[in-house]
Structure formats: structure tokens, C-alpha cells
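Undergrad: Mind docking chains B, E and G on chain U? Use the hints.
There are 4 protein chains.
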Amino acid sequence: MADTQNASAEALIKSEDPKHPANLICSLCRQFYTFGWVTGTGGGISIRHEDHVFLAPSGVEKELMQPENIFVMDWASKEYIRRPLALKPSACTPLFLAAFTQRDARACIHTHSQWAVLVTLLCETGQQGPDPGVFAMNKIEQIKGISRGGAGSMEVAEGGRKLGNLGYFDTMQIPIIENTAHEEDLRESLEEAIVKWPETCAVLVKRHGVYVWGKNVTQAKTQAESLDYLFQLAVEMHKLGLKWVS
Amino acid sequence: MADTQNASAEALIKSEDPKHPANLICSLCRQFYTFGWVTGTGGGISIRHEDHVFLAPSGVEKELMQPENIFVMDWASKEYIRRPLALKPSACTPLFLAAFTQRDARACIHTHSQWAVLVTLLCETGQQGPDPGVFAMNKIEQIKGISRGGAGSMEVAEGGRKLGNLGYFDTMQIPIIENTAHEEDLRESLEEAIVKWPETCAVLVKRHGVYVWGKNVTQAKTQAESLDYLFQLAVEMHKLGLKWVS
Amino acid sequence: MADTQNASAEALIKSEDPKHPANLICSLCRQFYTFGWVTGTGGGISIRHEDHVFLAPSGVEKELMQPENIFVMDWASKEYIRRPLALKPSACTPLFLAAFTQRDARACIHTHSQWAVLVTLLCETGQQGPDPGVFAMNKIEQIKGISRGGAGSMEVAEGGRKLGNLGYFDTMQIPIIENTAHEEDLRESLEEAIVKWPETCAVLVKRHGVYVWGKNVTQAKTQAESLDYLFQLAVEMHKLGLKWVS
Amino acid sequence: MADTQNASAEALIKSEDPKHPANLICSLCRQFYTFGWVTGTGGGISIRHEDHVFLAPSGVEKELMQPENIFVMDWASKEYIRRPLALKPSACTPLFLAAFTQRDARACIHTHSQWAVLVTLLCETGQQGPDPGVFAMNKIEQIKGISRGGAGSMEVAEGGRKLGNLGYFDTMQIPIIENTAHEEDLRESLEEAIVKWPETCAVLVKRHGVYVWGKNVTQAKTQAESLDYLFQLAVEMHKLGLKWVS
Numbered sequence: 001m002a003d004t005q006n007a008s009a010e011a012l013i014k015s016e017d018p019k020h021p022a023n024l025i026c027s028l029c030r031q032f033y034t035f036g037w038v039t040g041t042g043g044g045i046s047i048r049h050e051d052h053v054f055l056a057p058s059g060v061e062k063e064l065m066q067p068e069n070i071f072v073m074d075w076a077s078k079e080y081i082r083r084p085l086a087l088k089p090s091a092c093t094p095l096f097l098a099a100f101t102q103r104d105a106r107a108c109i110h111t112h113s114q115w116a117v118l119v120t121l122l123c124e125t126g127q128q129g130p131d132p133g134v135f136a137m138n139k140i141e142q143i144k145g146i147s148r149g150g151a152g153s154m155e156v157a158e159g160g161r162k163l164g165n166l167g168y169f170d171t172m173q174i175p176i177i178e179n180t181a182h183e184e185d186l187r188e189s190l191e192e193a194i195v196k197w198p199e200t201c202a203v204l205v206k207r208h209g210v211y212v213w214g215k216n217v218t219q220a221k222t223q224a225e226s227l228d229y230l231f232q233l234a235v236e237m238h239k240l241g242l243k244w245v246s
Numbered sequence: 001m002a003d004t005q006n007a008s009a010e011a012l013i014k015s016e017d018p019k020h021p022a023n024l025i026c027s028l029c030r031q032f033y034t035f036g037w038v039t040g041t042g043g044g045i046s047i048r049h050e051d052h053v054f055l056a057p058s059g060v061e062k063e064l065m066q067p068e069n070i071f072v073m074d075w076a077s078k079e080y081i082r083r084p085l086a087l088k089p090s091a092c093t094p095l096f097l098a099a100f101t102q103r104d105a106r107a108c109i110h111t112h113s114q115w116a117v118l119v120t121l122l123c124e125t126g127q128q129g130p131d132p133g134v135f136a137m138n139k140i141e142q143i144k145g146i147s148r149g150g151a152g153s154m155e156v157a158e159g160g161r162k163l164g165n166l167g168y169f170d171t172m173q174i175p176i177i178e179n180t181a182h183e184e185d186l187r188e189s190l191e192e193a194i195v196k197w198p199e200t201c202a203v204l205v206k207r208h209g210v211y212v213w214g215k216n217v218t219q220a221k222t223q224a225e226s227l228d229y230l231f232q233l234a235v236e237m238h239k240l241g242l243k244w245v246s
Numbered sequence: 001m002a003d004t005q006n007a008s009a010e011a012l013i014k015s016e017d018p019k020h021p022a023n024l025i026c027s028l029c030r031q032f033y034t035f036g037w038v039t040g041t042g043g044g045i046s047i048r049h050e051d052h053v054f055l056a057p058s059g060v061e062k063e064l065m066q067p068e069n070i071f072v073m074d075w076a077s078k079e080y081i082r083r084p085l086a087l088k089p090s091a092c093t094p095l096f097l098a099a100f101t102q103r104d105a106r107a108c109i110h111t112h113s114q115w116a117v118l119v120t121l122l123c124e125t126g127q128q129g130p131d132p133g134v135f136a137m138n139k140i141e142q143i144k145g146i147s148r149g150g151a152g153s154m155e156v157a158e159g160g161r162k163l164g165n166l167g168y169f170d171t172m173q174i175p176i177i178e179n180t181a182h183e184e185d186l187r188e189s190l191e192e193a194i195v196k197w198p199e200t201c202a203v204l205v206k207r208h209g210v211y212v213w214g215k216n217v218t219q220a221k222t223q224a225e226s227l228d229y230l231f232q233l234a235v236e237m238h239k240l241g242l243k244w245v246s
Numbered sequence: 001m002a003d004t005q006n007a008s009a010e011a012l013i014k015s016e017d018p019k020h021p022a023n024l025i026c027s028l029c030r031q032f033y034t035f036g037w038v039t040g041t042g043g044g045i046s047i048r049h050e051d052h053v054f055l056a057p058s059g060v061e062k063e064l065m066q067p068e069n070i071f072v073m074d075w076a077s078k079e080y081i082r083r084p085l086a087l088k089p090s091a092c093t094p095l096f097l098a099a100f101t102q103r104d105a106r107a108c109i110h111t112h113s114q115w116a117v118l119v120t121l122l123c124e125t126g127q128q129g130p131d132p133g134v135f136a137m138n139k140i141e142q143i144k145g146i147s148r149g150g151a152g153s154m155e156v157a158e159g160g161r162k163l164g165n166l167g168y169f170d171t172m173q174i175p176i177i178e179n180t181a182h183e184e185d186l187r188e189s190l191e192e193a194i195v196k197w198p199e200t201c202a203v204l205v206k207r208h209g210v211y212v213w214g215k216n217v218t219q220a221k222t223q224a225e226s227l228d229y230l231f232q233l234a235v236e237m238h239k240l241g242l243k244w245v246s
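Chains as they are written, first to last, in the UniProt record's numbering: chain U, 1 to 246; chain B, 1 to 246; chain E, 1 to 246; chain G, 1 to 246.
Treat the hints as calculated values from the structure; they're not laboratory data.
Just so you know, these numbers come straight off a predicted model, no measurement behind them.
A few of these clues could be false.
Since the list can't tell identical chains apart, any single copy or any two copies may satisfy a pair.
Said to hold, decoys possible - Listed below are the simulated DMTMM-like cross-link pairs for lysine to aspartate or glutamate, each with C-alpha atoms no more than 25 angstroms apart in a straight line: (1) 14 <-> 191; (2) 19 <-> 61; (3) 139 <-> 184; (4) 14 <-> 124; (5) 239 <-> 191; (6) 243 <-> 199; (7) 78 <-> 188; (8) 243 <-> 131; (9) 78 <-> 141; (10) 196 <-> 178; (11) 139 <-> 191; (12) 215 <-> 199; (13) 139 <-> 236; (14) 239 <-> 124; (15) 196 <-> 184; (16) 88 <-> 191; (17) 139 <-> 192; (18) 19 <-> 192; (19) 139 <-> 61; (20) 14 <-> 51; (21) 14 <-> 131; (22) 139 <-> 185.
Next comes chain U alone, as it looks inside the complex:
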């Protein structure tokens, strides 16, 4: 494993291109900070690009993150080929890898958005539906911003049905898994949820937040935005006595 003194490892995170994964992770984290998604070092984003996975470190103020802080993993071997001294890899790493491996996703975002947390708590009450393990909503235009078939890399599903995004009259369903004491212990139940819900592009974690992925950074980001919009709307609807599914 290379340390940060290694020149070839350094080249992995040095670029003038704002769209280079190491730069993009930093600029997106600054943006997510203003959304309340990565408060107090929580949350983050990982990008899989060509043969590498780019990961934010654990416990760093996300709005201040620099390319120098980024871990780089070799996709084939899952070994770190760049590891910033004095930093630890994010505890979210196995969860990001689950989305990359199981859904062929290229970007995965984890937020601690309060709207996500509140939605999981409201599902627990049974007031919006019988199943505390799924957040469901329909007949809201913004649902059309959410893809069917996970990362959306498959254009056609097994039965030949055309994939794409959800329609206005479809019911969006996002599975909710139980939280665990240690974030890395979420991997097993997250992977189960991904298997059990082949169309979902996100998994909510009770009292914790949400994981959202996409076939590229743009899809992951716009889906994370659309979902956060829907979570917030759902909380407001609940306060006003309105049902999420009609």
C-alpha cells in the first residue's frame, strides 16, 4: 500500500479539472453542507471512476475537505492505493462499495438530512402506512426524478419492461433498515435491502439518514435532491394531516 509520499498516488488526486473525482467530492461536500446533509462531519460521498474508488475520510469537516484528504481504492483489489496519513477511511466505505458492486453504481451519497430521519420515525408510527420498513409516496411530480432499476445502467429489465424513471402514478418505495451501533455493521442489512428491492436507488436508515446512488455523479446527486425534497414534503404533509399515498 502506498502512502501519501508516493508520487503516483499523489497524481490520483491532483487535477485542474473541477470534474475530476477528487475535486468533485470536495465541491459537492461544500454544497451538501449548505443543505444540512453533512452536518458536524456526518454523511459524505464516494465516486467510482475508471479503476478507482474515491472516498472522503472519516471525521473531517466536509465543507473544508481538500483533495489531499481523499482516499483512493483500487476497484479490482479493493485495496487503498492512496491513504492520507493521520486520517481514517470513512466508516461508510463498505456501504458505498455495496452500491457500486451490487448495482454497478458509480456514485453514492450518504446524508444525515433531518427530513430523512423524520420520515423513518414517522413510518415507525404506522400512521402513514402499515409497513414501518418502507417509505412510500405517489402522485407527486418530483417522484419522476427517481429512477427505476437502481443505478439505471440496465435499459431493459428481465421481463422486457422498459426501465427509466418512475411515473407520476407509480408508487415510489424506499426501504428502511434498522440502524446499528457501528456504521460499518449496516452493510449486511443494506445489501439485503438492495437485493430485496431491485428497483430502489436508495435505502433509508432508521434514525440515521439515507444512502442514494446513481449510474453517475449527476444521477446520484439529482436523485438525492429529489428524495430530500420528497422527504421534506412528506414531513410537511404529515403535519398538515395529508396522506403520502392516495
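TA: Chains B, E and G in isolation, oriented as in the chain U frame:
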């Protein structure tokens, strides 16, 4: 139809002037993004300027949009004279054109604001008024920011009554139309609402958002702001048990 | 009356100093826009500086305002010595002058903040107190940001009692006046409220917003901020079943 | 005591390094202003660095503060070695010093966040728990952003138990003290709370705000963020009928 390699088509969207429609659409979309109006590629704005209509493309992150992404339509023929390769025109296009054609508007804004969505849901409950097809409010100062007579291009109405903006004691009424599976299918009901409500400068779409227009960009934008303020206030008033019309 | 072609009138609003009133009005309006205080051209600020009163025009997008848009009035004669062609003076002008004349204030801010509007509506319900004509609150630390004795220019009141800011155990009282169809018609009732409430630094206008003044721009601005904080807190407290005065 | 004309005192607050305490206090205050933590000159931050304590002055608009406005105290003697003419030291000074002295903290943040104020009011109602003198919450992921053992400078507690941050299943407890007429009079009860609650990194002040400290600026800031997130979440949970401890 010209493609983007055509030099004269390119000139349509190249300008150093920040008030040029191609630049203005981009800067306004960045601003609207911070308002939560165009989350996850939703919403947008179109400007009719001289012989052309400038339109944002479909499915692009609105806060990142560049003049290069803009479609330009010839007003007389309604044909695209600039069409960015690899992008699709916005599904809102027929709706923007309805406002331009029927009201002689020069700018039309479409938002997915949650306040607009919530207002349509609250109207559906019948708790604020008998008609789920209209949002009505009076005796709020900000109503004075809304014009009578649509795009406001006519200074005097048929009966000789002076037009202008609503007064404090007037009741503002914004029609609400049903949403459809596909955005372009809203055109017919939007056009009907425009005919039925000759004084309105906006149409709400149930569980979707709002279309707002004006005789110029400034009027469209300030009316969209005033309406969003009123939608938000209406939701808060409802939470507090207060009536929108008194 | 000079028009804007007059060089000496132009000099009144041209300065490199960001604290010059013509520049300060513009930068503060940009800031107030982000607070939701001047949505859709509503609200504004006026500064009295030496022999002049600087006023924003009517109906201009406040976040885009430029020094060139500013009206300048001669304090002694109350006549405009700079008047931008094609713009109208703000309808708030007589209300700003009331604060300057009756309280020797040097800056007055008018906001359409939704929190101010909601507070006036909640006072109307009688649920927080018997008098719909006054917003009262006590035992909240932020009240200490509000001055006694209006613009605070007098250090000692008639009876020799020391003036200054409200204390934590004092009850802050802000009078509420009825709104009128035309903003300039508020002058009489605003002046009456100023006389009747000699300690207030602000007057709420029902279903409209608030006027706040100070002995200088800093005091007007910090008081407007503290009041808006208290209005927002009051609305949230009401939602939670908490009393404003205890 | 030096005045600001003293060159060596000036050197204490002049630096090109954005991480120098005098610069950091200013940039953090600008950031806190956008969070609503230091509205209307309220709230602030103090940093203890090497032999000095850097303190913001009283009554200054925090978002406009400059290094020139900063007071510097000698840690050993507790005497000011830099004192800006015409400014007064913050009334929070004895409270910041309490955290530095009793917990060996190096940074302490004071906010007037409305969420902190509302949480103290809700605790008073007894609806979320029997003790109005403590805010308690558990099973929310963000709790893991809060340290045990105050400033966290001790790695092992007396009984040999490993310290660090709270776990997901731990119950976070933040003491609440009564507010006083004058901020400096909070010192005694704040010090008592620090003694009584050896694991807390924060003390809430009823109807006022919160004090949060850390072993360095980063820990103080990220804990202040995590706590504010939890206070906001607690208020929203209360509105939705959800319990803070389960």
C-alpha cells in the same frame, strides 16, 4: 433546422451582456435553485425576446446550466433554430408557449416549490374554501405584488376599468389544474385555465408546482417570488388555524 | 428640483466608500433579500445622513438595486434633490420620515417578513393575550437586543430613569396598527402609535410587516434582526403551545 | 494593560494565516451568522491559543467583525493585553473562561440558536421527560458527533473506562441552567453544571441559548453543529408527537 455547429445559431446564445436571455436564464436558474424551485432538474424558465424563444433543456441540473445548453425557437414558425446536440427540449415547452401566445407574456417561470404543492393539497381538503380548483387569499400586503390582467400588457380592460396590480382588499385567485402523467399533456387544461381566468398571471398544477408569467422577465420573477411568499404564508397560516380569506 | 443629469445631485450617490448611504442601502437590500424581508420588490430601507435622506425607489427588485436608483431628499425642506428619471419614490417615504422626525432616527427598515405578518395574525386571535393591538414577549434573552426609548438618542428619559436596552425580565411591547389600502395612508396611525408608545423602536402593521428604526444604521439593522428572531420564535412557540409572556 | 497603539499587542491579532485565532474568530462568526446563531450581535466564540485567550467584543455585528475588534487576554494572569479602544469585552467572557479552566477546553461557542431556546422551553413543559433541567435524547445517529468527557482532552476517565464520543444507544444529556438578568451572572450556575455533569460538552441556558466547548476549534464547532442539528430535530419530533428518548 440548424444544429449547434451552425455559426448563426451559435450567435443567438453568445453575449457578454448578463441581461441577454441566454445568460439570464442561466443566472436565474442558479438563483431559483437556492429557492428550492428547480430541485433535481425540475422546473425552469423560458424567455421570449424579439423574434425568438429561449428555452432550457430537459433533465439538466439547472444550477449548472450554461448558455450552450439553451434551445432557441423561432417565434413565428415555432421551429427550433438552435438545438443542442444530445439534449432534449423541456417538456414544459408547450406550456411556456401557451403563456406567450395567449397572454402575450415575454417570460414564464415554472417551479416545483413545495409551498405551491402543499397549497394545492390543502385546497383539495376543502378546509380553506369550497372550491378545490382555486387558491384564494386576501388582506395580505404581498398580494399587491400580483398583477391583474395576466401579463399586464393591456393598460385598460374592456369595461374601461383601470388595470394594474391587485389591491390589499382584493381577493387573489389562482386556478389549480389537475396534474397529468406527462408534462406536455398539461397544455390543454392550462390553456383552458388561462381562458377561464383572464386576470390570473399564474396557474397552479396539483401535486406538481406552478407556472407564472409576466410581460417581461422582471415581472415574471417578482410575481413568482410574491406568489411563493404567499403560498408559504398560506401553509403556515393553515398550520396555525388561520383562514386565507377573511 | 434637480434631475439626474445634474452633476451635484449625482455626487450625492457616488462614493467608493461601502459605508456611504447610497452604497449601504444597496448592500443591505441584497442582504435583506436573502432574509425574505424584501421579496418581490416589497420592503426597503431609508437612511438619514447629515442634511439628506436617502431612499430606495418604488417597485425595484431590491437585490439588484444600484446607487443610481436612489432618491435623495433635502432634510430641511423635504424636497427631492435627486430623483432618478423613470422611477417613483417609495410609498414608504412618509413612514420613514415619521420615524426620522418623531424619534430623531437616522435609519428605518421596512420588512415584509412572514414572521412579522404571522405574529400580527396570531395577536388577532386573542390566544396569546387580550390586546390584538400589541405584540408582547418577555423572558427571552434576545429581547436584550431591543432598545427602550425608540431611536435611543436620549440617554436619560424625562423622569431621570436611565434608558438603554430592554432587560431579560422586561416585557417587550410592539404596537400593531391596521393596514390600509395604500401604504402612504399608514402615516397617521403610525405617527399615533409612535406617540402612544414612546419606548418602542418598531411598529407592526397587520397582515403587512414591520417598521423598525434606530439612532444609526447599525442599531436599526440589529434591532430589525432581533425582532425578526423574536417574531419567528413567537410563531414556533405558538405552534408548540407555549406562551409569549410568562 | 496595553492599549491598541501598542505594537506588540497589535501583532497578536495580525496574521496572514486564515487559521490564526483572530482571523478564525471572524470567519467563524460570519458563518455562524448564516446559521442564525449570532443574530443581532448575540452569541460569539472565544479561542484559547498558547498563552492567550482571544475574545470577540460585546455588541458588535458578528458578521462584520474584524481582527482589530478582538480582545486578547493573557491566560496566566487573566489580564487583557490587547483591548480595542471604544469597545467593551463580551459579557460571555467569564463563561468562556469557565470552560477553558474547568475542562481544559481551547474553544467555546455561544449561540442564541432558536432551536436551543425552544428545546429549553419544551423541557420546561415536562412533556418529554420529568426533569426540566436536562435535555436528553438517544438513538439518533448524530449523537455520535458528541464527545463524552467534555473537552475530550483526557483519553481515559478515572475508572479506566475508555472515553470518546457517545454511541448510538447512549442517552445524550445536556444540562439546562436558569437564565439571569445579566449574562456574567450565569458563571456560577454554569460552573456548577460543569462539575455536576462531568461528561457534558455543553450547557443550555433556559430561554437564552447554549454554550458548547471542545479540545480545539474543530471539535467545538462540529459539536455545536451536531447539537444544533439535534435541537432542531427534537423540536420537529415534538411537533410530530415523537419522543426524544425511547
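Undergrad: Of all the hints numbered above, which does this structure not satisfy? Sort the numbers upward.
TA: Violated hints: 1, 4, 5, 9, 18 and 21; rest satisfied.
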